[in-house]
Amino acid sequence: RRVREAVVSTQSTGVGDQTPAPAAPANNDLLMDLLGLDSAPPVMAPAAPAIPPVTAINKQGILVTFNLSHEGDKLKIVVESRNNTASPIGDYLFQAAVPKTIQISLNAASSTTIAPNGTIHQEMFVSNPNKATLKMRLKVSYTAGGVPAPEIQETIASFPVSY
Numbered sequence: 223r224r225v226r227e228a229v230v231s232t233q234s235t236g237v238g239d240q241t242p243a244p245a246a247p248a249n250n251d252l253l254m255d256l257l258g259l260d261s262a263p264p265v266m267a268p269a270a271p272a273i274p275p276v277t278a279i280n281k282q283g284i285l286v287t288f289n290l291s292h293e294g295d296k297l298k299i300v301v302e303s304r305n306n307t308a309s310p311i312g313d314y315l316f317q318a319a320v321p322k323t324i325q326i327s328l329n330a331a332s333s334t335t336i337a338p339n340g341t342i343h344q345e346m347f348v349s350n351p352n353k354a355t356l357k358m359r360l361k362v363s364y365t366a367g368g369v370p371a372p373e374i375q376e377t378i379a380s381f382p383v384s385y
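Numbering of the sequence shown is given in the numbering used here, commencing with residue 223 and proceeding in unit increments.
Wrong hints could be hidden among the right ones.
[Claimed, not checked] Pairs of lysine-lysine residues, derived as DSS-like cross-links and limited to a Cα-Cα distance of at most 27 Å, are as follows:
(1) Lys322 with Lys353
(2) Lys296 with Lys357
(3) Lys357 with Lys322
(4) Lys298 with Lys361
(5) Lys322 with Lys298
(6) Lys361 with Lys281
(7) Lys361 with Lys322
Hints in this document: simulated from the structure, not taken from any laboratory.
Whenever a hint applies, use it, and build me the whole structure from the sequences.
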């Protein structure tokens, strides 16, 4: 019959006897305890709450949502335009205007056509150095079935974020 033997490292006390060496502490727990430090990983602070999206337009089967975030000293708005109709939309144009004390930059949309139940995106940046109340006038124009649809106009009087 075979017997398995455990190998134990030993250390000499210098007097001729041998005693088992202490096991090395896992993850330096002993050292951390001696120094009075917690060996547990640091707890990360919770992420800042996301800014809720703003429904800017919801008319004629067009849903325009603003996804807001801060980018430096500017407010970044990702404009998501969704076609909730059963027909494709063409010649889609989203426009925005703000008071003269506020600067706005509107990048080109990802497309000028929106398939049924499809979406397109567009980035907008707003700079408000005087911290004036942000108000925005919006205008959307498009064609449905090759025929110009009635223009949609909307005003947003307040935003859920200050910057």
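Taking the hints in turn, this is what the structure says about them:
Only pairs whose Cα atoms come within 27 Å are accepted, and Lys322 paired with Lys353 is accepted, the gap being roughly 12 Å. For a cut-off of 27 Å, the pair hint linking Lys296 to Lys357 stands: about 15 Å separates their Cα positions. At most 27 Å may separate the alpha-carbon atoms for a hinted pair to count; Lys357 and Lys322 meet this at roughly 11 Å. Distance check on the hinted pair: Lys298 and Lys361 sit about 19 Å apart at the alpha-carbon level, within 27 Å; holds.
Annotation: proposed proximity of Lys322 to Lys298 holds, straight-line Cα distance about 18 Å (limit 27 Å). With a CA separation close to 12 Å, the supplied pair Lys361 and Lys281 stays within the 27 Å bound. Distance check on the hinted pair: Lys361 and Lys322 sit about 17 Å apart at the alpha-carbon level, within 27 Å; holds.
In summary, the structure agrees with every hint in the numbered list given earlier.
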